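Chemist: Okay, here's what each chain looks like letter by letter:
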Amino acid sequence: MAIETMTMARALNVGLRRAMEKNKKVLIMGEDVGKLGGVFRITDGLQKDFGEERVIDAPLAESAIVGTAVGLAIRGYRTVCEIQFDGFVYPAFDQIVSQVAKLHKRSDGVYTMALVIRLPFQGGIGAIEHHSESPEAYFAQTAGLRVVACSTPNDAYWMIQQSIEHDDPIIFCETKCRYWEKGEVELDGPTEGLFDAVVRREGSDVTVIGYGSTVKTALRAADAAAQEGVSLEVIDARSLAPLDFATLATSVEKTGRLVVVQEAPHTASIGSEIVAELTERCFYSLRAPGVRVSGYHVPYPPSRIEEDYRPSVDRVLDAVDRVMGFDS
Amino acid sequence: MIDEELVQLLTPEGERVSHPDYESTLGANEILGLYRDMVIIRRLCNESTSLQRQGQLALWAPVQGQEAAQIGAGRALAPMDFTFPTYREHGIAWCRGVPPEDMLRIFRAVSNGGWDAQKYRHSVPTVVLGNQALHAVGYAMGVQRDGAEEAVMTFFGDGASSQGDVLESFVWAASFNAPIVFFCQNNQWGISTPMSTQSKIPLYHRAHGFGFPGVRVDGNDVLAVYEVTKRALESARVGGGPTLIEAYTYRLGAHTTSDDPTRYRVDAEVEVWRHRDPIERVKSLLVRQYKIKAKTFDEIAAEAEAMALKLRDDVLAMDRPDPITMFDNAYASEHPLVDEGRRDMIELGVSGGSH
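Chains as they are written, first to last, in the working numbering: chain A, 1 to 328; chain B, 1 to 355.
Treat the hints with care, since some could be wrong.
[As the list claims (entries may be wrong)] Below, a sample of chain B positions facing chain A; criterion: calculated Cβ distance under 8 Å:
#1 G27
#2 V127
#3 V128
#4 F327
[Claimed, not checked] In silico DSSO-like cross-links for lysine-lysine, where the CA-CA straight-line distance does not exceed 27 Å:
#5 K310(B) / K119(B)
#6 K291(B) / K310(B)
#7 K216(A) / K182(A)
#8 K310(B) / K283(B)
#9 K200(B) / K35(A)
#10 K200(B) / K48(A)
The hints are simulated quantities; they were obtained by calculation from the structure and are not laboratory data. What you are looking at is a predicted structure, and each value in this text was computed from that prediction instead of being measured. Note that the Cβ used here is the ideal one computed from N, Cα and C, for glycine as well.
Based on the sequences and whatever the hints tell you, model everything.
Modeler: Following this line, the structure appears as structure tokens:
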């Protein structure tokens, strides 16, 4: 099996390249994506190789980037829209919610909204305001959209290609604080489906579910808990809408305890949905209520104190203690 | 750059020129004052760039090249006018009296704002492109309803001119004849996006289509910017409605310290604009026409240096905030989720900066 080690940023770049080679209808559009290669260099070199007709440097208007991608989709193109940062997606919110999500239905299935909206999300890079947000739940709540999150090079490489090939519109969340971390990419074929959750570490006492940046936090917590004799099973949800409840429920039925870790505040969040659904499905297996570890219910703070906002290993372990202590 | 409709009162060589519609009303002391402001802002910008390079700031948005646009506009304001800036309006903030260290709080990543907006009549910076243009129009509608003789000015760039919010703000300002000046600094680049991608016509022409006057001024000519802005503000205050000013200028530095402009523009272009430096032309005028002596320039340089040293000290003394402060001002009144978060943080014992 061909395996290559690369950063997540590079994996996205190569994945986009593969998709563009495979299908001439694939376009990329966004601010600074062409000549500059994107502010994170995810699209580096693609305009040079595929031309300005396919890698489009957009005027500065997010609503227009998504709105014109809708028209391109109606015309049969598959556009990968880059939104520069999570906090800049809101000018496009109307187009995403009112049009992207609903046009397939409104046209009685005549239109295919095959477009991907790339969204570098979550915090941890020491940025100023609007560059560290977690808006995934807004989109997960909207019928017609699918939302996925990648946080490893292998997932980035395959999930971007799978998303581009998919006929539904996809909000593609990229864990920006992991862009520069390296990992192995299996080049022969994807090991998971786009909407599958993946068990990253097996364990028996508590199921800890994360996505994006919090998967690694959960894995570090699992190392720490293991030293105290507590075994955590860590799952990367990967797909946030739909959630892969079969995989999640199998784990919770085994462990009987659930912790969800996310950077977003917990009110009406992905974590809320996971806890609610797994409580319904696994009620008789649960030995403690499911617990969410989240960002606080305040605007994302100045980045000098962001690590006190983002779920830390300590906060995950605190939640693990709570669910472990519940029935003892 | 040659545009017959470009309002210019001072050439790049420092020669005074006349314009049919505008003439400079400023005397030697006032021009020297503008020069001093520009020198201080450039020094502030250089110091901030150094602080960022030394890891003391998370980011910096340079303003080199745009000093005349900002100082000319900033000094044309009356004390009761209100301004809505982006994250690059350091020169405007300076003219409004915002202390330099407060301008750097957002870049030190210890605050998302940095100063008392009502005190300085200068709103906190808006980072999302163009959002503030609508806020400014709304504020202006309030001024109008109060019957006050005040003007509002909002700032944005050539990049934001493509955003729906900015274009919608033009519609509203025209519809309600709001007392507002739209001050667009066309610095030619929106990160890597050239002006030609944002507009196929000069930006100031857009105003006519929305039903109010547009003026293009040499944004590197502080005398012209001052006069054009002053007249637009005066018109707004007495019911003349909105004006769009396009200050034609250039971003000599990077978009921010995270940006590398060598990837998308050529040095020769930057060189051309270096010869149109906004500060040098004023100095040349002051020396030749007003016989200002070297000693005066030395004093101003020393003052800028002292400001920079103080700024450095103030920034280095700016500690990481207590994390518990993230719960302050999330709401204007008690909120159970905020109270819960604050309690959790205290119980975890992370308050005070240990993590």
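Chemist: If a hint holds in the structure, say so; if it doesn't, say that too.
Modeler: Hints, one by one, checked against the model:
1. G27: violated (41 Å)
2. V127: holds (5 Å)
3. V128: Constraint on V128(B) satisfied, holds at 6 Å.
4. F327: F327(B) check passes; min Cβ-Cβ to chain A is 6 Å, inside 8 Å.
5. K310(B) / K119(B): OK: K310(B) and K119(B) at ~22 Å, within 27 Å.
6. K291(B) / K310(B): violated (31 Å)
7. K216(A) / K182(A): Status holds; Cα separation ~13 Å.
8. K310(B) / K283(B): holds (25 Å)
9. K200(B) / K35(A): holds (20 Å)
10. K200(B) / K48(A): Given that 27 Å is the threshold and the Cα spacing comes to 24 Å, the pair holds.
Against the hints set out earlier in the document, violations occur for numbers 1, 6.
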